[in-house]
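For chain A, the structure is supplied; the task is to place chain B on it using the hints.
Just so you know, the sequences run in chain order A and B. Residues in the first sequence are numbered consecutively from 0, following numbering that gives the first Met the number 0. Residues in the second sequence are numbered consecutively from 0, following numbering that gives the first Met the number 0.
Think of the hints as simulated: they come from the structure by calculation, not from any bench. Even glycine gets a Cβ: it sits at the ideal position worked out from N, Cα and C. Please note that the accuracy of each hint is not assured.
[Stated by the list, open to error] Pair ranges (Cβ atoms, derived): (1) Tyr229/B <-> Phe107/A: 45 to 51 Å; (2) Leu227/B <-> Arg190/A: 48 to 54 Å; (3) Gly108/A <-> Leu227/B: 44 to 50 Å.
[To be verified] Derived pair list, reagent style SDA-like, types lysine to any residue, alpha-carbon separation capped at 25 Å: (4) Lys269/A <-> Val301/B; (5) Lys269/A <-> Gly126/B; (6) Lys168/A <-> Phe191/A; (7) Lys168/A <-> Ala273/A; (8) Lys213/B <-> Ile232/B; (9) Lys134/A <-> Ser49/B; (10) Lys18/A <-> Ala221/B; (11) Lys134/A <-> Ser268/B; (12) Lys213/B <-> Leu234/B; (13) Lys134/A <-> His211/A; (14) Lys269/A <-> Leu38/B; (15) Lys168/A <-> Ile37/B; (16) Lys134/A <-> Phe145/A; (17) Lys269/A <-> Ile208/B; (18) Lys134/A <-> Leu85/A; (19) Lys213/B <-> Tyr229/B; (20) Lys213/B <-> Asp12/A; (21) Lys269/A <-> Ala26/A; (22) Lys134/A <-> Val301/B; (23) Lys134/A <-> Glu58/B; (24) Lys168/A <-> Leu38/B; (25) Lys134/A <-> Gly84/A; (26) Lys134/A <-> Leu233/A; (27) Lys269/A <-> Ile119/B; (28) Lys18/A <-> Ser115/B.
[Stated by the list, open to error] Which chain B residues stay away from chain A? Per the calculated CB distances, all over 12 Å, these: (29) Ala84; (30) Ala90; (31) Ala103; (32) Leu107; (33) Ala266.
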Amino acid sequence: MSDDALSESTGFDGTRLFKVLFLAAVAVFVATPLVATVLGGFKSLGELRTNPFGLPQHWVFENYSGILTTARYWVLMRNSLIISGLTVLLTLITASMAAFVFSHIRFFGRALLLNYMTMGLLFPAATAILPLFIKVRDLGLLDSYFGVVLPQVAFGLAMSILLLRRFFKDLPDELLDAALVDGCSYVGFFRFVILPLSRPILATVGTIIFVHSWNAYLVPLVMLNTDRLYPWPLGIMVYQGEYSADWHLVLAFITLTILPTIILFFVAQKHIIAGLTSGAVKG
Amino acid sequence: MSFQMTRGRRPAALAARRPSAATPASAGAFDAGKWTAILLFLPPALLLFSLFVVVPVGEAAWYSVFNWNGFGHPTNWVGFDNFRAVFANRAFGIAVRNNLLIIAVSLLVQLPLALSLALILADRFRGAVALRMLFFMPYVLAEVAAGLIFSFVYDGDYGLLAGIFRAVGAEPPYLLASAQTSMLAILIVIVWKYFGFHMMLFIAALQGIDPSLKEAARIDGASRWQVLRYVVIPLLYPTIRLSVFFAVLGSLQLFDLVMPLTRGGPADSSQTMVSFLYTFGVMRMRVGFGSAVGVIVFVICVAFAFSYQRWVMRDE
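The following block holds chain A by itself, in its conformation from the complex (with noise of 0.2 Å):
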């Protein structure tokens, strides 16, 4: 605003009428495809070939509606909730405690210890794959939730704990002084007053841990053989593999899917843009 004030009024047109027009290009570019995703799901295979950009002449709610009434899709919405779930809950249970430690306790070997965790933030996942898959498989956790959840966790746990760490510390020490001498231990100063001050904190990285694991794709693909347990981006790919000359269905089926992102993203938008985007500064 005080840039406008400022600007000259020369030349300040021009520079506004390129900004819109850039603007509007951008937007173009990112929401066709996802407007024509929506759409597409409500066109027959007809109308999506010779109408694929505007409104459906012809509403076909049968796309949807075909999908909802059948348990596959509320199967793979479930194991996708449970993984996700289970991610989120041991996620935070766990790095909360660690970072706990690290933040408010001093003992010989602590940066250390610190270090060694933060270095999970530097290795591919990737490089792991295959000796995570024969550890799990001689865990026998081969085709099981937790054989899903707990490399997860485990890869996310170097993050969460430096985001939990940093809010941590910047609570007034004066609560653990305080609670120490009225006689609250630790555990107790941890989690009658750490924890209900952390919400916030929790929140954000109990979003990002979530986002990851809701759309997680290489773990449950090496982990996971049955379709019985498959999340939904290896369940959509199965479905795409088999209706793939069906786009009106596998447009309806990529919408439904996304959905609980899309309605997640407008819900606790301010967690996740903190969350995604904090998690990438530096602890």
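Same frame as chain A, but now just chain B:
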């Protein structure tokens, strides 16, 4: 400063300073409580991380010198044969070239796009927030969903691109089915999917810039362009360096997006290092060969991260 100094103070010191709690017994109890907390709270994270991250990475290095199908124990020691086989593989050469191409497009197309959009959208005006959300949305979508959406966009029979070609009376191309265009098609999806993330990083940084800096420069007679060039962009350097860091590491590990679009084909033309690992290592259960690819990816990523942090981000 004094606040900083008190951080992490030992409870024993605290007890000594406050006579009411200064009995030796309570200091000892604090210490015991401290170790209870450490022994209770640290092992779960340490164990999970060691067992499922550090050990498997180490094992990848170990397996990479064996010829092994994953059953029984690795016994067939082959030295560096797996690495030789990887480097001699034509598809791996293509994969490395593609990864470099992805890095180049991320840095030369995606990053300037993200930066220029951030410079516009960091200002407050009607619709700015909505546009930010729209541009960030592809980043939140799963790679698999984004890939499938674009395999529809590119479809030569029903896709959006085909619709455009038909509208102008041209023969629709099958971008994903041709070895010449498959990588181009994937690169476009990469920009579509990831520029919003970098844009958000830049917007967050831009909003942290003190507006009086810009105003001062303007009052001193700098043009808008000069303010941008000599005030705003230099203040963004740390964020740009960070953005480059993530773009390169992400580009080196690209996999999820490739699978729904091309699975690395046709004729391995759109293979990346990780899709190569999956196709030739995981799918065929060649544990040694695949682990060798994993080790190569690991060494490249870690070497890049360390040297980048050492030489480029050393001030932060």
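Going down the list of hints, with the structure as the test:
Between tyrosine 229/B and phenylalanine 107/A, the C-beta spacing of about 49 Å keeps the proposed range 45 to 51 Å intact. The supplied range of 48 to 54 Å is met by leucine 227/B and arginine 190/A, whose beta-carbon atoms lie about 50 Å from each other. Checked against the given bound of 44 to 50 Å, the beta carbons of glycine 108/A and leucine 227/B, roughly 48 Å apart, stay inside it. With a C-alpha separation of about 32 Å, the suggested pair lysine 269/A and valine 301/B falls outside the 25 Å cut-off, and the hint is violated.
For the hint linking lysine 269/A to glycine 126/B, the alpha-carbon distance of about 17 Å falls within 25 Å, and the restraint holds. In summary, the hint linking lysine 168/A to phenylalanine 191/A is supported, as the alpha carbons are separated by about 16 Å, within the 25 Å threshold. Between lysine 168/A and alanine 273/A the alpha-carbon distance is near 18 Å, which keeps this suggested pair within the 25 Å criterion. The hinted pair formed by lysine 213/B and isoleucine 232/B meets the criterion: a straight-line CA distance of about 11 Å does not exceed 25 Å.
A hinted pair counts as satisfied when its Cα atoms are at most 25 Å apart, and lysine 134/A with serine 49/B qualifies at roughly 12 Å. Distance check on the hinted pair: lysine 18/A and alanine 221/B sit about 21 Å apart at the alpha-carbon level, within 25 Å; holds. Under the criterion of a C-alpha separation no larger than 25 Å, the hint pairing lysine 134/A with serine 268/B is inconsistent with the structure, at around 32 Å. Taking the CA atoms of lysine 213/B and leucine 234/B, the gap is near 11 Å; set against the 25 Å cutoff, the hint holds.
Simply put, lysine 134/A and histidine 211/A have alpha-carbon atoms about 22 Å apart, close enough for the 25 Å limit, and the pair holds. Pair hint lysine 269/A plus leucine 38/B does not hold up; C-alpha atoms about 35 Å apart against a cutoff of 25 Å. Restraint check for lysine 168/A and isoleucine 37/B: the C-alpha separation of about 16 Å stays at or below 25 Å, so the hint holds. Distance check on the hinted pair: lysine 134/A and phenylalanine 145/A sit about 13 Å apart at the alpha-carbon level, within 25 Å; holds.
Distance check on the hinted pair: lysine 269/A and isoleucine 208/B sit about 21 Å apart at the alpha-carbon level, within 25 Å; holds. Between lysine 134/A and leucine 85/A the alpha-carbon distance is near 20 Å, which keeps this suggested pair within the 25 Å criterion. The hinted pair formed by lysine 213/B and tyrosine 229/B meets the criterion: a straight-line CA distance of about 10 Å does not exceed 25 Å. In summary, the hint linking lysine 213/B to aspartate 12/A is supported, as the alpha carbons are separated by about 21 Å, within the 25 Å threshold.
Taken as a hint, the lysine 269/A and alanine 26/A pair is honoured in the structure, with Cα atoms around 21 Å apart against an allowance of 25 Å. Distance restraint check for lysine 134/A and valine 301/B: the Cα-Cα separation of roughly 23 Å lies within the 25 Å cut-off, and the hinted pair is therefore satisfied. The suggested pairing of lysine 134/A with glutamate 58/B holds, with an alpha-carbon distance near 10 Å, which does not exceed 25 Å. For the hint linking lysine 168/A to leucine 38/B, the alpha-carbon distance of about 20 Å falls within 25 Å, and the restraint holds.
Between lysine 134/A and glycine 84/A the alpha-carbon distance is near 23 Å, which keeps this suggested pair within the 25 Å criterion. Among the hinted pairs, lysine 134/A with leucine 233/A is consistent with the structure: their alpha-carbon atoms are about 22 Å apart, no more than 25 Å. This hinted pair checks out: lysine 269/A and isoleucine 119/B have alpha carbons roughly 21 Å apart, not beyond 25 Å. Proximity of lysine 18/A to serine 115/B is assessed by CA-CA distance (about 10 Å); at most 25 Å being required, the pair is judged to hold.
Chain A leaves alanine 84/B outside its interface by the beta-carbon criterion, the shortest separation being 15 Å against a cut-off of 12 Å. Against chain A, the non-interface label of alanine 90/B holds: every CB pair exceeds 12 Å, the least being about 16 Å. For alanine 103/B, the non-interface assignment is confirmed: its Cβ lies about 20 Å from the closest Cβ of chain A, beyond the 12 Å cut-off. Listed as outside the interface, leucine 107/B is consistent with that label: its C-beta sits roughly 17 Å from the nearest C-beta of chain A, beyond the 12 Å cut-off.
With a least CB separation of 20 Å from chain A, alanine 266/B remains clear of the 12 Å interface cut-off, as annotated.
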